[in-house]
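Novice: Here is what each chain is made of, one letter per residue.
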Amino acid sequence: MAEQMWRVVAVFRVVTLVYAAVLITRDHGDYLHPAAGWLALAVMAVWSVITIAAYSRPRGRQTWLICADVAVAAGLVLSTRLIVPASQINAGAPTIPSSWAASSVLACAVAGGPAGGLAGASVIIAADIVERQALPQGTLSNIVLVLIAGGVGGYIVQLGLRAEASADRAARLEAAIAERERIARGIHDSVLQVLALVATRGRELGGEATELARLAGEQESALRALVSGAAVPPPEGGQLDLAGLLEPLGSSRVTVSCPAGAVLLPDAPARALAAAAGEALDNVRRHAGADARAWVLVEDDGTAVTVSVRDDGLGFAEGRLAEAETAGRLGVAQSIKGRLRDAGGSACVRSSPGQGTEVELRVPRG
Amino acid sequence: MCPEAELRVLVVDDHPIWRHSVAAGLEEAGCAVAGTAGDGAQALRVAAATRPGVVLLDLNLPDMSGAEVTRRLLAADPGVRVLILSASGERQDVLDAMTAGATGYLVKSAQFSELVAAVRSAAAGEAVFTPGLAGLVLGEYRRLAAGSGADAGLGAAGSTRAAGPGRPASSGQPRLTERETEVLRLVAKGMTYPEIAALLVLSPRTVQNHVQNTLIKLQLHNKAQLVRYALEQGIE
Numbered sequence: 170m171a172e173q174m175w176r177v178v179a180v181f182r183v184v185t186l187v188y189a190a191v192l193i194t195r196d197h198g199d200y201l202h203p204a205a206g207w208l209a210l211a212v213m214a215v216w217s218v219i220t221i222a223a224y225s226r227p228r229g230r231q232t233w234l235i236c237a238d239v240a241v242a243a244g245l246v247l248s249t250r251l252i253v254p255a256s257q258i259n260a261g262a263p264t265i266p267s268s269w270a271a272s273s274v275l276a277c278a279v280a281g282g283p284a285g286g287l288a289g290a291s292v293i294i295a296a297d298i299v300e301r302q303a304l305p306q307g308t309l310s311n312i313v314l315v316l317i318a319g320g321v322g323g324y325i326v327q328l329g330l331r332a333e334a335s336a337d338r339a340a341r342l343e344a345a346i347a348e349r350e351r352i353a354r355g356i357h358d359s360v361l362q363v364l365a366l367v368a369t370r371g372r373e374l375g376g377e378a379t380e381l382a383r384l385a386g387e388q389e390s391a392l393r394a395l396v397s398g399a400a401v402p403p404p405e406g407g408q409l410d411l412a413g414l415l416e417p418l419g420s421s422r423v424t425v426s427c428p429a430g431a432v433l434l435p436d437a438p439a440r441a442l443a444a445a446a447g448e449a450l451d452n453v454r455r456h457a458g459a460d461a462r463a464w465v466l467v468e469d470d471g472t473a474v475t476v477s478v479r480d481d482g483l484g485f486a487e488g489r490l491a492e493a494e495t496a497g498r499l500g501v502a503q504s505i506k507g508r509l510r511d512a513g514g515s516a517c518v519r520s521s522p523g524q525g526t527e528v529e530l531r532v533p534r535g
Numbered sequence: 002m003c004p005e006a007e008l009r010v011l012v013v014d015d016h017p018i019w020r021h022s023v024a025a026g027l028e029e030a031g032c033a034v035a036g037t038a039g040d041g042a043q044a045l046r047v048a049a050a051t052r053p054g055v056v057l058l059d060l061n062l063p064d065m066s067g068a069e070v071t072r073r074l075l076a077a078d079p080g081v082r083v084l085i086l087s088a089s090g091e092r093q094d095v096l097d098a099m100t101a102g103a104t105g106y107l108v109k110s111a112q113f114s115e116l117v118a119a120v121r122s123a124a125a126g127e128a129v130f131t132p133g134l135a136g137l138v139l140g141e142y143r144r145l146a147a148g149s150g151a152d153a154g155l156g157a158a159g160s161t162r163a164a165g166p167g168r169p170a171s172s173g174q175p176r177l178t179e180r181e182t183e184v185l186r187l188v189a190k191g192m193t194y195p196e197i198a199a200l201l202v203l204s205p206r207t208v209q210n211h212v213q214n215t216l217i218k219l220q221l222h223n224k225a226q227l228v229r230y231a232l233e234q235g236i237e
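Taken in sequence, the protein lines are chains A and B. Mapping of the first sequence onto the numbering used here: residues 170 to 535, in sequence order. Mapping of the second sequence onto the numbering used here: residues 2 to 237, in sequence order.
In isolation and in its complexed conformation, chain A is listed as follows:
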């Protein structure tokens, strides 16, 4: 983008140089010093070559050179007084560099945005007014044109650069996501399969292999959650997919069952349900016994979303939970109930000794 803009400046400079040459060729007969006219044209030509060559490389776009560019243009505008008779200047004759002077303003705009462009334009306008010693109508419209070239040109360049930068970021992000998906596919096709296999066959072999199988199984579900998590789509319209939040909780001991489609809920209740289910599963690990298995069921009947967490562990007598509550021991059940209450839902815990425990979490759809 910036490169194209610098090329536009170069083209503008060449075109305006040709225009200035035409004007000088036409008018030099009336000049006070015709030779001075040719000299000015030679200066413009040489300066054009120098700046076009310098601006074509990023290293050549030095602030001092751009300032010198404006100074040269302003000097040439001022030199008009020495070359063109006052009567013709007052009659509205063009300045010696005419539109060529604006090429330095464009250079300022491209290098410095609207502020740079306006600064460059002000210098040229000041030189123009000094040279004219008046403010006739023609000069006024020239001034407006130069201001537009400096201000608007700089603004457009800035916009373009920003658009380019964001397009760049988007392209980089897209490439990163594509790469991540490629890696996820690769892991899915290789590492996960082998880990699943080790977990499955290890358990069959028994003995020391059981421990290896457990480790492999845990790593498999952790890795699976990691690579599938990378592909979880962003929330749709401020809603979260509860199934997507709960599935990573699955492991060799925990089965998560959901409907096939997304279970969309607003952010807060979705996170409350997921956090409460996670706590319930932590509780299973701590209290239900080492061999306990757990099942998480997600149901959506249109009026409410229900998450049930059941285990086949030791369980406890009906009264014990209430006992713990009245004794002021804020157990996990309390924390789970609190979360659900805050989200506008409810939780209930059922258990009996030897029958495992079931926690039912429910959030109505608003």
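These aren't lab readings, by the way, just hints derived from the structure by calculation. Every residue, glycine too, gets a C-beta built ideally from N, C-alpha and C. Worth double-checking, as some hints may not be accurate.
[What the hints assert, rightly or not] On the chain A side, residues computed to face chain B include the following (Cβ under 7 Å):
(1) W233
(2) R349
(3) L466
(4) G471
(5) S477
[As the list claims (entries may be wrong)] Chain B is nowhere near these chain A residues, computed Cβ spacing over 12 Å in every case:
(6) A262
(7) L304
(8) L316
(9) A344
Dock chain B against chain A, hints included.
Specialist: Just chain B now, kept in the frame of chain A:
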């Protein structure tokens, strides 16, 4: 563990290590392996040549969807039992394959003994109903009830927001009886048939029939949908 002498299994998985290991494990357990295949097209060819009793089908195949392979396998041989073996996180694919006529679904992290037991049940024509499958089937009935006539289409992943409890499903939609819903929920929460039977005072056989019915109704509905679609499109 596979006493049925004629029970032969076709193992379909795009991952060679997994494929060969499962095949070896099945043979160890006494099942005959009819063959192995790495993609859907190969699976159809090998199935046509070897006529296996059970096809153990991975859903993640490079060339076609699990539902497509299931449909074609059953079209070629209505007697074949397709057992879906999938990694987690492919819920819609699993449901599509099940409604296309598969007999059961297991996750890849299941124990090998469970796998062998599932192959035997499938061979006997029994639906292999894991908790995960029960959750999918429950969700699908609720989606159909919510869609109420304006069916979102085959395999559409719609959420069931518009449903109301008193809202009647349109005549063509399959529905669960209260008992079926109750039984499916218990299966989804990890209870075994004997446990459910004891809880509801039923025979285990009755529990199994209830469970199987829920899947058969979905499969019939799916087939009817396909026929209706074909007629609408003028395909004969």
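Novice: Now tell me, hint by hint, if it's right for this structure.
Specialist: Evaluation of the provided hints:
Hint status for A:W233: violated, given a least beta-carbon distance of 61 Å to chain B, over 7 Å. For A:R349, the interface hint is violated, the least distance from its beta-carbon to any beta-carbon of chain B being 16 Å, above 7 Å. At about 4 Å, the closest approach between the beta carbon of A:L466 and any beta carbon in chain B falls short of 7 Å, and the interface hint on this residue holds. Proximity of A:G471 to chain B holds as hinted, the smallest CB-CB distance being about 3 Å (cut-off 7 Å).
With 7 Å as the threshold, the beta carbon of A:S477 comes within range of chain B, its nearest partner Cβ sitting at about 6 Å, so the hint holds. Taking the minimum C-beta to C-beta distance to chain B, about 76 Å, the non-interface status of A:A262 holds against the 12 Å cut. Distance check for A:L304 against chain B: the nearest CB is about 70 Å away, which clears 12 Å, and the non-interface claim stands. Listed as outside the interface, A:L316 is consistent with that label: its C-beta sits roughly 57 Å from the nearest C-beta of chain B, beyond the 12 Å cut-off.
Here A:A344 stays apart from chain B, with its beta-carbon at least about 24 Å from theirs, past the 12 Å limit.
Of the numbered hints stated above, those contradicted by the structure are hints 1 and 2, listed in ascending order.
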